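Chemist: If you read the sequences in order, they're chains A and B.
Using this note's numbering, the first residue of the first sequence is number 855, and each one after it goes up by one.
Using this note's numbering, the first residue of the second sequence is number 16, and each one after it goes up by one.
Be a bit skeptical, because a hint or two may be false.
[Stated by the list, open to error] If we take Cβ atoms under 10 Å as the criterion, some of the chain A residues that face chain B in the derived model are:
1) 973
2) 974
3) 1016
If you're looking for bench data, these hints aren't it; they were derived computationally from the structure.
Since the structure is predicted, the reported quantities are computational estimates derived from the model, not experimental observations.
C-beta: ideal position from N, C-alpha, C; glycine also.
Below are the chains, spelled out letter by letter.
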Amino acid sequence: MTFSNNKIKAAVLLLASTALVTACGKKEIDDLPPVADGTQGDGNNNGNNNGANAVQPGSQQDFVNSVGIGRDRVFFDTDRYNIDAQDQVTLQTQAQWLARYPNVQATIEGHADERGTRDYNLALGERRANAAKNYLVSLGIGSGRIRTVSYGKERPSALGSNEQSWAQNRRAVTVIVN
Amino acid sequence: MKQIASRITAICAACLVLLLSPAIAQDTPQDDDDVDEVVTFQVDRLRRVAIPEFATPSSVNTPAGNTASLGAQIARVIANDLSGSGLFTPVGPSGVRKIGYAEVRAPQFGYWRGRNAEQLISGAVQARSDGNLIIGCYLYNVNAGSEVTRSGFVVSPREWRRAAHKCADSIYSKLTGEAPFFDSRIAYIAETGPKGARVKRLAIMDSDGANHRFITNGQTTALTPRFSPNYKSILYLSYRDGNPRIYVYDIESKRQRLITQSRNPTFAPRWSPDGQTILYSMAVGGNTDVYKISARGGKSVRLTDAPGIDVGGSFSPDGRRIVFESDRSGSQQVYVMNSDGSGERRISFGGGRYATPAWSPRGDLIAFTRIGGGFRVGVMRTDGSGVRLLTNSWQDEAPTWAPNGRVIQFFRTQKNSGKTSIWQVDLTGRSERKLPTPVSGSDPAWGPVRP
Chain A
855 MTFSNNKIKA AVLLLASTAL VTACGKKEID DLPPVADGTQ GDGNNNGNNN
905 GANAVQPGSQ QDFVNSVGIG RDRVFFDTDR YNIDAQDQVT LQTQAQWLAR
955 YPNVQATIEG HADERGTRDY NLALGERRAN AAKNYLVSLG IGSGRIRTVS
1005 YGKERPSALG SNEQSWAQNR RAVTVIVN
Chain B
16 MKQIASRITA ICAACLVLLL SPAIAQDTPQ DDDDVDEVVT FQVDRLRRVA
66 IPEFATPSSV NTPAGNTASL GAQIARVIAN DLSGSGLFTP VGPSGVRKIG
116 YAEVRAPQFG YWRGRNAEQL ISGAVQARSD GNLIIGCYLY NVNAGSEVTR
166 SGFVVSPREW RRAAHKCADS IYSKLTGEAP FFDSRIAYIA ETGPKGARVK
216 RLAIMDSDGA NHRFITNGQT TALTPRFSPN YKSILYLSYR DGNPRIYVYD
266 IESKRQRLIT QSRNPTFAPR WSPDGQTILY SMAVGGNTDV YKISARGGKS
316 VRLTDAPGID VGGSFSPDGR RIVFESDRSG SQQVYVMNSD GSGERRISFG
366 GGRYATPAWS PRGDLIAFTR IGGGFRVGVM RTDGSGVRLL TNSWQDEAPT
416 WAPNGRVIQF FRTQKNSGKT SIWQVDLTGR SERKLPTPVS GSDPAWGPVR
466 P
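Modelling step: build the complete structure from the supplied sequences, incorporating the hints.
Modeler: What follows is the structure, given as structure tokens:
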């Protein structure tokens, strides 16, 4: 959780988001925005989900519950991989959680929609996963904790062949490993 | 698995043995049909070829069925091959009069003229005392009443299909002046399961879909196979360790190894025409470039360094140039460079995006996927001029060339279901057909003609 890599990593990000990234990078983790209103995330991370099964703190289930529905991922425009303002909020939420569990490792899975050729989509998924990773790293998450993997168009989450499905499939999903 | 390699060698030698059987005598074929007759691919008509069942002097049982039924099957394979080339309209063997053994070399030309056949293919299957088959085929010009060419092969019964493909190849070459391509194999990805949980297995088959075999069991996703030029190994992408990595799979030993030791994802593999070099793409920190490495291992060489995605790539037949795709201009376009990475030059400038370039084995054309409203397969000259789209469907992708550079296979994806199938189209774009595969199929990769 050092910030020593911030400048380097921030420089890697898209020009369009460089200013925002740099600003965010200077923040303390505790200053990060909370989960946005309207999501059902627990926010308080104590696993108080009232379920019959206790959720192990620091687990994938805890992560998903804490960051909120749909906040385990960020979405991209066609052929793009920039982290926009909405993505930044999502990743800041993820970073908050990751900061609470410094021993937890994560994988960011990069995906593309079916309207791209196979090899290009593998490259694009890798680009997206790295963009999300770089942003988390710029927020102070150690780069060694985050692995990336691209699935290209091999693992769609929405199964239709329409704009709505494709928008859901152009994504980078953070998955807690241990 | 050792017998596979040796079996092919034995058959290849056998293929060269021309028939000495008294039934099929060895004369120098008459050359009254000039090989230069059809050298362009813009055919204005399809040739009507009659193909009756191959005859047999006496039906003998073999491990592949009796010689009479083999005769019918061989004629069907030849008819299917010629039909798929886009240059012929085969008639038969079903619905065509069966011919007797004596008629193989003494056709009743008057009868075939009455059937409006321009050419006649007749042949015979004969069991030899050593257990092998002699398969001979003849091509006749019906109007001239003369023999055009003949060929013959000695094969083990289970290899009868190869003899049929060799017959079709000899006839195709004689009538078109083009190099043969039917006796070749395809590596591809067999797909099963629903769109959200597709199982993808490496598989191989003959160019017509026969002799199908699964290589991987589907526990991990396999993608983008490429047969080595000698058919002994296959490059492909596997997620077997959780990451996309290129492996080279040895068919005989069933062993596989990473082509390069790296923590980075590697994908889009391709052999050089001589099989000595492997071209691949690797993403480092999210940025993908094209690399090459010796097939024996060693140090990899980075060929591109643009900040965009540089991916794919395919060698020219002389191995001196490479065509690849890059989105450095803002969208996927096709570029050519020298094989050392120098002299990069963009060649595609039409509307839409151009992806998955594949250099023809003839050297004259580059096939691609054009992404516009839909995905269509097309060809362009190596300088980017003369763009022609050959297919028109919702999503056609990833062309691979027949070894003679006159036919292309690709895969077609259905909207919504995502179901895939392998298709073949000739360079006129007029003859398009689906290959028979036991399950859905994608990522076809065509290997060279077998010796």
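Chemist: All hints, please: hold or fail.
Modeler: Results for each hint:
1. 973: Where the cut-off is 10 Å and the nearest Cβ of chain B is about 4 Å from residue 973 of chain A, the hint holds.
2. 974: holds, 6 Å
3. 1016: This hint holds: residue 1016 of chain A lies near chain B, its Cβ roughly 8 Å from the closest one there, short of 10 Å.
Of the numbered hints listed earlier, not one is contradicted by the structure.
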